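Colleague: The primary structure of each chain is shown beneath.
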Amino acid sequence: SQKIEQNSEALNIQEGKTATLTCNYTNYSPAYLQWYRQDPGRGPVFLLLIRENEKEKRKERLKVTFDTTLKQSLFHITASQPADSATYLCALSSGGSNYKLTFGKGTLLTVNP
Amino acid sequence: NAGVTQTPKFQVLKTGQSMTLQCAQDMNHNSMYWYRQDPGMGLRLIYYSASEGTTDKGEVPNGYNVSRLNKREFSLRLESAAPSQTSVYFCASNGKTSGTGETQYFGPGTRLLVL
Chain X
2 SQKIEQNSEA LNIQEGKTAT LTCNYTNYSP AYLQWYRQDP GRGPVFLLLI RENEKEKRKE
62 RLKVTFDTTL KQSLFHITAS QPADSATYLC ALSSGGSNYK LTFGKGTLLT VNP
Chain V
-1 NAGVTQTPKF QVLKTGQSMT LQCAQDMNHN SMYWYRQDPG MGLRLIYYSA SEGTTDKGEV
59 PNGYNVSRLN KREFSLRLES AAPSQTSVYF CASNGKTSGT GETQYFGPGT RLLVL
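First to last, the sequence lines map onto chains X and V. Following the working numbering, the numbering of the first sequence begins with 2 at its first residue and continues without gaps. Following the working numbering, the numbering of the second sequence begins with -1 at its first residue and continues without gaps.
It cannot be assumed that every hint is accurate.
Unchecked claim - Straight-line distance between alpha carbons at most 20 Å, and here's what the computed SDA-like set of lysine to any residue pairs gives:
id, chain 1, residue 1, chain 2, residue 2
1, V, K7, V, R109
2, X, K106, V, G99
3, V, K55, X, S2
4, X, K4, V, Q35
5, X, K4, V, R109
6, V, K94, X, S95
7, X, K64, X, S2
8, X, K60, V, T53
9, X, K60, V, G99
10, X, K4, X, K64
Said to hold, decoys possible - FRET-style restraints, in silico, Cβ to Cβ:
id, chain 1, residue 1, chain 2, residue 2, range
11, X, G96, V, Q15, 47 to 53 Å
12, V, E77, X, T111, 36 to 42 Å
13, V, E57, X, K72, 18 to 24 Å
Please keep in mind that the hints were generated in silico from the structure rather than gathered at the bench. These figures come from a predicted structure and were not determined experimentally. For every residue, glycine included, the Cβ atom is placed at its ideal position computed from N, Cα and C.
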């Protein structure tokens, strides 16, 4: 069956460092992969999308890589700040007109001042 | 634009009671979704509607029904609530983000407690 794993439930880093979150998948051929941010008590908010034929995407301090051979995506936040503390969710889609997503369980990132 | 709105924000039910969770979006999106989120389980798809007039089961549909009332509204009904349905429910719609592609927009969630 399809499986999506985010490497750790929680990650603690020091302010100013780069946070790296991992998303691995099995039994899946995603057309694209997305990353969302979720703050406590709120709905997820879209951050970045990367397609199967793309290796890397950037948006301000955020960078996503996608390796379909390794079946892995890495999500980086550079120069991290306490305001980056949140749960980050990885989601995959196999494409199609229904745009269904399958989500990982998320990684709780805490950036310490 | 209000985006995706959900009502109620919080609800307590007794086992066996029924209720309907309401969701509306004002972004003219075709596809809408209902998820539940439980600790340690992540977001799981209950039902979705790819377009007005169609609905399909997701990963965990048992105990739920849905109605796509029109393009804007997608409701989730619990006919006979059970404690296992205690969860946070999120509604989402799918649309194109400029320069990016198809992404989902989520509502604020409904926190449901079934006693």
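Colleague: Now, for every hint given, state plainly whether the structure supports it.
Modeller: Checked hints:
no., hint, in the structure
1, K7(V) - R109(V), "holds, 6 Å"
2, K106(X) - G99(V), "violated, 23 Å"
3, K55(V) - S2(X), "holds, 17 Å"
4, K4(X) - Q35(V), "holds, 17 Å"
5, K4(X) - R109(V), "violated, 27 Å"
6, K94(V) - S95(X), "holds, 16 Å"
7, K64(X) - S2(X), "violated, 29 Å"
8, K60(X) - T53(V), "violated, 35 Å"
9, K60(X) - G99(V), "holds, 14 Å"
10, K4(X) - K64(X), "violated, 23 Å"
11, G96(X) - Q15(V): 47 to 53 Å, "violated, 39 Å"
12, E77(V) - T111(X): 36 to 42 Å, "holds, 40 Å"
13, E57(V) - K72(X): 18 to 24 Å, "holds, 20 Å"
Hint violations for this structure: numbers 2, 5, 7, 8, 10, 11, all remaining hints satisfied.
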